[in-house]
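Chain by chain, the residues run as shown.
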Amino acid sequence: MAEKISLTLKVNGSEQAAAAVEPRRSLVDFLRHDLGLVGTHVGCEHGVCGACTVMLDGRTVRSCLLFAAQADGSEVTTIEGIGTDEALHPLQLAFQQHHALQCGFCTPGMILAALELLRDNADPSDEEIRAGISGNLCMCTGYVNIVRAVRALRATERRNERTTKWVGQALERSEDRRLLTRGGHFIDDLTLPGVAHAAYVRSPHARAEIRHIDVRRALEHPGVYAVITGDEVAQLTRPQRGRVPLANSPKVYALAYQQVRYVGEPVVGIAAVDRAAAEDAADLIEVEYDPLPPVIEPEEALKPGAPLVFEEVGSNVLWHNTFPYGDVEGAFKEADTVVDERVAIHRYCSTPLETFGVMAQYEAATQSYTIWGHTQQPAQDLHVLAAALGISPGKIRLIVPPMGGSFGNKVRPLFIIAAALLARKAGRPVKWIEDRRENLLALRPRGRRHHGHQRGGEDRRNHSRRQIPQY
Amino acid sequence: MVRQRDVERSPSVAERLPILREAIEQVGHPAIRNRGTVGGSLVHADPSAELPLLAVALDATFHLRSAQVSRSVPAKDFYQGYLLTDIAPDELLVATDFHLPPADCGWCCTEIARRHGDFAIVAVAVLLGCGRDRSVSFARVAVGGVGPAPLRVTAAEHALVGERPDAELFRRAADIAAQAVEPPADIHASV
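First to last, the sequence lines map onto chains A and B.
If you read the first sequence in my numbering, its first letter stands for residue 1, the second for the next number, and so on.
If you read the second sequence in my numbering, its first letter stands for residue 1, the second for the next number, and so on.
Next up, chain B with everything else stripped away, as it sits in the complex:
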């Protein structure tokens, strides 16, 4: 039930999970984020929304509870299709764990939208960490708005890990990510 605005302004989020803050800054506008909750966006499961995208990128675990049962579902199983999740009608999302990436990794959550604050036409979240030998040791690539649910592109991550980061490598990973999706046409964009 935490409000998006509180996460956006949280010093500990800014310190340990800045990509979450960057993602939330692209959700609607201040007055929307003052009321919008993180859990609400996660279970609404809009395929273009930023928070489900991060949940997929960061292997979030959803803790669900009904009057009888508590259970936990990983993000990859939680999102099942367009606005469709694993949550049952009598269940509530009570907590979400985001797995923290390595502290020194780089990150970016960016999107193409018609206006600031709109739902993304395409959204991308990437986290990259390098080892001592300066090759990529940690990679997370996820895309939103290009399918019925946010998608983590593990093939692109595999292509990145172990390689020296340069423009050519990033282009290759981007090509793999582009191959992995089959975006539907919508009113704003066609393929």
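Extracted from the complex, chain A is given alone in its bound form:
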């Protein structure tokens, strides 16, 4: 590891001297985790989304693309230097008044980009506003209200007369001021004393037997607290309970057990003093695989002799059901026309700006867990976690912080279980924030789907009757 360096810079007007910064520390990690300025967010980690935008010597930059060392001797302005809860900057006020934020994850970067735009061009056209914020992605607002908010500050803007009292008016939400000025409540903004950081070794194969895992070098790596594999997870937990009761349940654990079933499946978990050390240790773990032919297409999976994703189930059909309403057969008999069609929908991943995250703490005395973690269905996940860990739900306190978007893929209890086990093994809280590479490799996708439609229609009344097999 390279020698640590010291740097001096001015942040939001005050001098900051940092004594021991790793040369590879990014500016955004330095601002967030070393200086505690968590209003700057990490979105894509490669300069595309704009969530980490800050000003460096008066110009917007991507703090994820800069090393902290590059800011040595410079002046940095973050969202915390723009306005306060009590005294919002006029642009922050305009964002609030025009409801130009929802989850608020993109907001700090968006505000800094818009401030630069308005500084360089006091009277931008709508097109120039759109170009000025084009490097900042927002997944909630659809941008219309953001453009409106920026427009409200341009030199020639006239104030809109209010014609209605409630309809069409944006109301101040209780979370707005915090989101506009400092953020600070998303999962990666939270920390605990002595918290360890997790990383995962992931499968490079779509299907393979795990022959051997050698973790010795990782355990010897400085700063590593705990390493856990699928074998240990299978001893410590029960397979994950599915959402619907199945006759033959697949045995799914928090880490791959004996077999891997998709590219990116977590195989080994590591908890270390920081994320960089955990990833360094992950690189030292050797996993031997025997690759097996994968089954990729849903229709291929249904064919006789197809490789079984879960051999213990004995079939690739986990669940089959029909939902008939009324007299389906009779309706088709009476229909003027019957249309048969097959619609294929490609594999699709919704990618919120904020990736998945969890922080778990284990209290040995009471054998209980406190977990801050992402889930869109906490009441259900609490029972999934309790069942997997073999404890009463009362032994788990599950706290769901506000999320920077989720779009259906923040229901991943396996990662919460893995963090809980790592925390227990490491004897200290463990935090895991999915990085964007992991998110794009193996987030919870909507798999490729096929829908078969059979539709009987009566033209005159424009009623249709449908049968929709879906898999």
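Source of the hints: derived by calculation from the structure; they are not laboratory data.
Among the hints, a few may not be true.
[To be verified] Just a few of them, taken from the derived set where beta-carbon distance is under 7 Å, the chain B residues facing chain A:
no., residue
1, 21
2, 29
3, 31
4, 34
5, 116
6, 117
[What the hints assert, rightly or not] Derived coverage of chain A by chain B (criterion: at least 3 residues anywhere in the stretch with Cβ under 8 Å from a Cβ of chain B; other residues may be distant):
no., segment
7, 59-66
8, 110-117
Backbone N, C-alpha and C fix where the C-beta goes; we use that ideal spot for every residue, glycine too.
Chain B: place on chain A using the hints.
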């Protein structure tokens, strides 16, 4: 080492080489151009990038220097393939000369990209100047994103020079340019 944003906002570039400004406006976004350098993009040699395309269109000369040697390489020899240039591991790009086109010529740098600021799927730079008889006297046609390196299509330029500019002539030149390239399929487009 000049930042892209400084070139974008330079009054002298706007006056004498406006196509350069138009090209840079399509590079990433303001925060990217605040940090990105012109030289960095030129030597990175992404086949879809706008600045290498202009270097080829405008016969740029690259001035390279190592601890021992200084040398100059014309753009047509500099770009050798996908992300591959003539620069040696111990060399730095220290300056780039763009040959100024005639002051009164028309210009356009445009591209098809999925979103504003993305790398181009296809990018085109064209400069056209006309003589007193209103026939084309100066033509530069270059295309990017359709091969391992940006390509100047001299055959299309030859077809334009000496002719009266009209839609039919432009179509003919475009056909020649299309014939001259063999674009690879990628995740966004196939041929």
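These are the hints, each one checked on the structure:
1. 21: Because about 13 Å separates residue 21 (chain B) from the closest Cβ in chain A, which is outside the 7 Å limit, the hint is violated.
2. 29: holds, 2 Å
3. 31: With a closest approach of 4 Å, the residue 31 (chain B) hint holds.
4. 34: Cβ of residue 34 (chain B) sits 4 Å from chain A, so the hint holds.
5. 116: Holds, about 5 Å.
6. 117: holds, 6 Å
7. 59-66: With 6 residues close enough to chain B, the hint holds.
8. 110-117: holds (count 3)
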